[in-house]
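Model the full assembly from the supplied sequences, consistent with the hints where possible.
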Amino acid sequence: MIRLPVNYQIAATYLSSKVKQTIVAVLGVTFGISMYVFMNSFMSGVNLAQNRLAFSTLAHVRIYNDRPADRSDLVSRVYPAGTIANIRNSKVIKYTDGIKNSTEIIHYLHTIPIVQTVAPEVNINVFFKNVGNKVNGTLSGVDVTNEDQLFQMSQLMDQGRWRDLAVRPDGIIVGVELAKNLSLKVDDNLNILTADGVSHTYKVIGIFRTNLSSIDKTKAYLSITATRQLLAENQDYVTDIQVNVTDFKLANQLVHELAPILSYKVESWSMANAQLEAGSNLRDVIAVAVSLTILIVAGFGIYNIMLMTINEKIREIAILKAMGFSGFDIRRIFLTMSSVIGLVGGFVGMGLGYLVSRLVNQVPFNVAGLATLPMDYDPRDYILAFSFGLVTTFVAGYFPSRKASRIDPVTIIRG
Amino acid sequence: METPNTRQRGQESPTILKVDRIVKYFDEPEKFQVLKDVSFSARKGEFLALVGKSGSGKSTLLYVLSTMDTDYEGSLVINDERMTGKTQNELSAFRNRHIGFVFQFHYLLPEFTVLQNVMIPALKLRRLSRPEIEAKAYSHLETLGLKDQALKLTSKLSGGQQQRVAIARALINDPSIIMGDEPTGNLDSKNSQTVFDIFRDIVGQGHQTIIAVTHDEDFAANCDRVLELSDGRLVK
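Chains A and B supply the protein sequences, listed in that same order. For the first sequence, our numbering gives the first residue as 147, with consecutive numbering after it. For the second sequence, our numbering gives the first residue as 2, with consecutive numbering after it.
Check before you lean on any hint, since a few could be wrong.
Listed next, the in silico BS3-like pairs over lysine-lysine satisfying Cα-Cα at most 27 Å (straight line) [stated by the list, open to error]:
1) A:Lys326 - A:Lys349
2) A:Lys166 - B:Lys153
3) A:Lys166 - B:Lys157
4) B:Lys157 - A:Lys164
Pairwise CB distance ranges (calculated) [stated by the list, open to error]:
5) B:Tyr26 - A:Arg552: 20 to 28 Å
6) A:Arg504 - B:Pro132: 47 to 55 Å
7) B:Arg127 - A:Ile442: 35 to 43 Å
Some chain A residues well away from chain B (every beta-carbon gap over 12 Å; in silico) [as the list claims (entries may be wrong)]:
8) Gln196
9) Thr203
10) Lys326
11) Ser426
12) Gly473
13) Ser551
Worth flagging that the hints you see were computed from the coordinates, not collected in a lab. Note that the coordinates shown come from a computational prediction; the quantities given were computed from them, not determined experimentally. Note that CB positions come from ideal geometry on N, CA and C, so glycine has one too.
See below:
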């Protein structure tokens with residue numbers, strides 16, 4: 147402090163002589179910044195958890211053969227309006243089932259740099275029958291390795307091992323609630339009835355749990371070759387190609403790249419589940435709104451304290467000016483004070499925010515596969531909070547300090 | 002004391018301050034001419050008293066001379082430098098270097114020690130290093146009999162002591178002119194005499210000029226020259 151230029155020394159003395167007031171101002175910033183850090187960490191933790199949950203059953207991009215557009219009213223396209231036509235029971239016929247040339251498409255997908263994993267699937271609707279119990283659901287024939295890479299299936303296994311599916315053409319892995327509804331255990335038999343009336347019995351070799359009950363209740367996995375056999379289809383037959391990209395935010399980019407060159411429906415996760423994106427955006431908005439509000443309140447606190455200090459010291463400011471301090475010097479004194487408050491509050495606030503985040507991260511929360519409340523520790527949140535804090539205190543200090551710099555010493559000293 | 006000797010020296014010395022036809026108006030509560038064509042000059046080493054009834058404009062004139070009040074007509078020259086028309090920043094730098102102030106109330110900074118108060122104008126000027134400034138501040142405090150008080154907060158001092166600290170502060174940058182706005186106005190007669198004697202010693206060295214507004218007739222009577230204002234005009 148002894149070495150500082152005199153303006154800073156005066157600022158330091160003013161700050162240290164009114165310790166309580168300074169602490170209150172610092173606490174205001176500290177609270178604002180720690181709340182900013184905590185709210186944003188929590189919200190992005192929730193978003194990440196939500197995404198992890200969503201992407202445990204949802205690929206970033208899905209390619210499938212959509213139902214063709216409704217063209218049953220062909221007559222009116224060809225004949226002039228007013229032509230009377232009598233067509234009854236018109237049907238839309240799907241000429242091809244599944245994706246043709248799937249091998250080439252998969253091969254092409256692998257050449258795109260942002261593509262991470264490609265998993266072909268054969269999905270069909272079936273009845274699951276265990277003697278008297280009958281439940282309809284989805285049977286997924288999957289490429290065991292790639293499906294595991296895509297959805298971490300091996301980590302979702304309650305019982306049995308995921309990779310056994312690759313070597314057990316007779317094996318089936320079922321959802322935990324489906325197993326319960328059909329009273330199935332590992333090694334029990336499960337009969338499948340397809341829409342075409344084919345019936346086949348498999349052995350339950352594993353039970354999985356995604357924590358999404360719509361999946362756990364209705365889904366079962368076979369190996370993709372076994373499914374093709376069941377449907378009597380060729381070894382190229384695929385109904386869906388699930389693709390993961392390096393970052394889920396790049397999904398739409400891939401869609402734009404693929405849609406023009408593939409004759410199949412290419413759909414990103416956000417198109418299929420707009421509510422996911424809306425939810426995460428809304429949470430971000432709430433986090434920013436709440437924390438900015440707190441920072442602004444803290445800013446007004448500083449503004450108030452600075453104004454009080456300046457009113458208290460108006461004579462001293464006048465006397466400093468009489469002794470040769472310029473308006474610029476005076477402004478610098480008070481801006482230094484508010485900046486120090488901002489800096490100290492910022493550093494303490496980041497620390498406190500981290501502590502609060504750590505604490506809340508310990509709170510048990512046993513819902514949907516979570517053990518504790520989710521939390522994200524992103525340095526960018528901390529840097530942003532710190533910069534917002536500095537900007538707020540600077541603005542809150544700027545106007546009072548400008549007022550101080552404009553004080554006319556003559557009017558004050560003459561009284 | 003007013004002696005022929007000091008008078009003579011004052012007249013021989015060069016002019017340090019010159020005002021020419023200063024006119025000033027107050028706009029509130031209604032337009033009112035407070036200074037009317039005031040012209041005079043002060044010489045180096047002179048001890049001037051500015052007297053007049055309250056409302057005569059003597060304090061107003063002092064603040065014009067101090068360069069703090071820039072809202073006037075006419076011209077002000079200090080140290081052969083024309084003050085009229087300079088910017089506020091130039092003026093504050095000039096005040097820092099060339100003008101010292103002693104007010105009726107000491108106007109010390111209560112959160113700083115006596116030593117710091119004395120050092121602040123010099124720290125602002127940055128002509129000397131900090132240890133040099135500190136040594137100088139100590140020597141001024143010693144001259145004024147305040148060396149023991151140097152590390153106390155100014156609020157712990159008596160009125161007379163505070164005023165002496167203010168004088169030490171005014172002297173720290175070796176200003177050409179020291180201006181006083183009723184420097185003894187708030188002091189008892191003993192302390193008034195002390196302050197007067199200090200001022201007398203300062204001008205006695207011949208380098209510095211003192212211009213003081215005062216109500217105190219004894220104080221005025223013992224100055225080198227008395228300027229009397231009446232209704233905004235210099236009558237003596």
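Status of each hint after checking the structure:
1. A:Lys326 - A:Lys349: 15 Å, holds
2. A:Lys166 - B:Lys153: Judged against 27 Å, a Cα distance of about 22 Å means the pair holds.
3. A:Lys166 - B:Lys157: 22 Å, holds
4. B:Lys157 - A:Lys164: Roughly 18 Å separates the two Cα atoms, so the pair holds.
5. B:Tyr26 - A:Arg552: 20 to 28 Å: The hinted range 20 to 28 Å holds for B:Tyr26 and A:Arg552, with Cβ atoms some 22 Å apart.
6. A:Arg504 - B:Pro132: 47 to 55 Å: Hint holds: Cβ distance 49 Å, inside 47 to 55 Å.
7. B:Arg127 - A:Ile442: 35 to 43 Å: About 39 Å separates the Cβ atoms of B:Arg127 and A:Ile442, which means 35 to 43 Å holds.
8. Gln196: The claim stands: A:Gln196 keeps its Cβ more than 12 Å from every Cβ of chain B (closest is about 54 Å).
9. Thr203: 66 Å, holds
10. Lys326: 75 Å, holds
11. Ser426: 51 Å, holds
12. Gly473: The claim breaks: A:Gly473 does not keep its Cβ more than 12 Å from every Cβ of chain B (closest is about 6 Å).
13. Ser551: 10 Å, violated
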